[in-house]
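A.B. asks: The primary structure of each chain is shown beneath.
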Amino acid sequence: MVLGARGVAEFLEASAARSPDKVGLVTGKTSYTWGALDAWANRIGHALRAKGVGRGDRVLIFGDNSAEVAVSIWGALKADAVFFVVNAQVKAEKLAYMFDDAGVAAVIADAALATAWTEACKLAETVPPILVHGAQTARAMEMASAAGVPRVESFAELVAAQYPTAPARSTIDVDLAAIIYTSGSTGEPKGAMLTHRNVAFASWSVTTLLENTADDVIIGVVPLAFNYGLYQWLMTVRLGATLVLERSFAFPVAILQRAAETGATGFPGVPTMYALLGELKDIPVQPLTKVRYVTSTAAALLPKHFEAIARWFPNATVYSMYGLTECKRVSWLPPADLARKPGSVGVPIPGTEFWVVDAEGRRHDRSAEGELVVRGSHIMAGYWRKPEVTARYLRPAALPNEVLFYTGDYTRLDDEGYLYFIARMDEVIKTRGEKVAPREVEAALERIEGVRECAVVGVPDAILGAAVKAFVVLSDEYQGRYTEKDLMLRLGQMLEAYMVPKQVEFRPSLPKTAMGKIVKKGLS
Amino acid sequence: MSSTEELVPRVRAYVLSNFPVADPGAVTNGASLMELGIVDSTGLLEVFEWLRDEFSIEVADAEMVPDNFDSIANIAAYVGRKTAAG
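Chains as they are written, first to last, in our numbering: chain A, 41 to 564; chain B, 1152 to 1237.
These are calculated hints, taken from the structure and not from any lab test. We put the beta carbon where it would ideally sit given N, CA and C, even for glycine.
Straight-line distance between alpha carbons at most 20 Å, and here's what the computed SDA-like set of lysine to any residue pairs gives:
(1) A:525 / B:1196
(2) A:542 / B:1195
(3) A:321 / B:1211
Calculated from the model, a selection of chain B residues having no Cβ within reach of chain A, i.e. all distances over 10 Å:
(4) 1154
(5) 1158
(6) 1180
(7) 1202
(8) 1204
(9) 1207
(10) 1208
(11) 1234
(12) 1235
Could you put the whole structure together from the sequences, leaning on the hints where they help?
C.D. replies: This is the structure in structure tokens:
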């Protein structure tokens, strides 16, 4: 694995050297060649250096999928920095937490999100320089200036003034490349630290199992802020293939049309998307016969999902996969086993292995249930500044310089060692293909005046998979002063939309154990 | 039958009261509700529900495109066309 030994920015440089005039990224009506992408990333790298970003410094990229977000990832890597992409739905409070927790050296932010980032600057202890992009840049800069936020400038202007040649780098592959914040049961987001070696290995492994080539045209609708979406782009760059980057899946018909126009060969989605595609009626789009593979992760594919995939992607091979941010991807179900192993998430990705440990800590490679343990070069370097939590999940292996990833997932292995997911050991809710930690929602609810106690659970939902539901007990003086909708709107200002409960139920009290702990079992 | 001019304030009032918006000034009638992060895919389902309740409009799958729903002006124009046709 030589490629990426001096950092995964080598992926981009190799693709630009190999096929400088080939289109690598398409967003909206704009196409970017590999040569242009590499030069743009170089300019961004110089711009970050000019803002004082040095080796190992953290660059926070805040925005929905866009060319600026996609290329800034490589700009940060070119500057020897560590990138992390933050979902546009993240609100000021959490953003400020990330500014301080990660010690962010520079922010590249979408102007449309100015309300969130200016507010975050007011809440954060240290305010990094902010480079703003997007149509509303001028307005956002005025807003920041009015709010007294210093060091805000136009990304486009600063970047255009830089040299297009590569900045000198000193990165080696054991350095950090990325941090991906993930929800935890503690209610505080944890930053999974990924090294260049992690990224190089995982992208090799997944492109190997998908048999990707430079001819692939991949549809990118999953946010770059999530590792599933991020890796579509990292793998595209590694391959020198083409990514058609879309803002979201809000308009499925428009996505199908884009896939048809661009001659897409790969469609990475989640079951919620396939459910929506399955329900479309009377739309002017033909089945996408050029799509040769479809991938799915986040939840099991049901018969209705397979029907939808067969309808829209009649020639596609289906890869059902399973992953965790801490190691990118755990397993894949070889397409030949789809019918033979219903409900299974398959076998380890190439170059890795896994097993389960039972309650007594014994290892089992098949025919057992227990906590899933993963081994391989894809395992993260730890959680950013969280040594205690890291020690829970990363534990010593037989060799001194190796760790095993104790996933916290309760799983089953069948008699051939195929993996079946049972539950998150700490009850994370998966809704719309995204993870919601009940504790994080409860923590937000508890900050609302008048909320005495609450419990957040997942309830079955035909479209979302699971829906977030909150049980709330109001204090006496607040009885009748909130409607369910009031609380949802308040939470909408504090949390990402997918975390906001779809249902709120007021209760006079909640069941508790003798120790006073709320009992969630039976709440639904 | 409502004209688009009459519908714009109505759609605007709905969007601003139903979705959490920190800075109503940024939400011009032509601004992309997706880009501003105001309406996401689930929010869109709420918009469809509102159209059903308020205007008895059933949104066809083929109509679910940004040109019809990505801004207050687009939604108002869509409602105008649908109510005129109906």
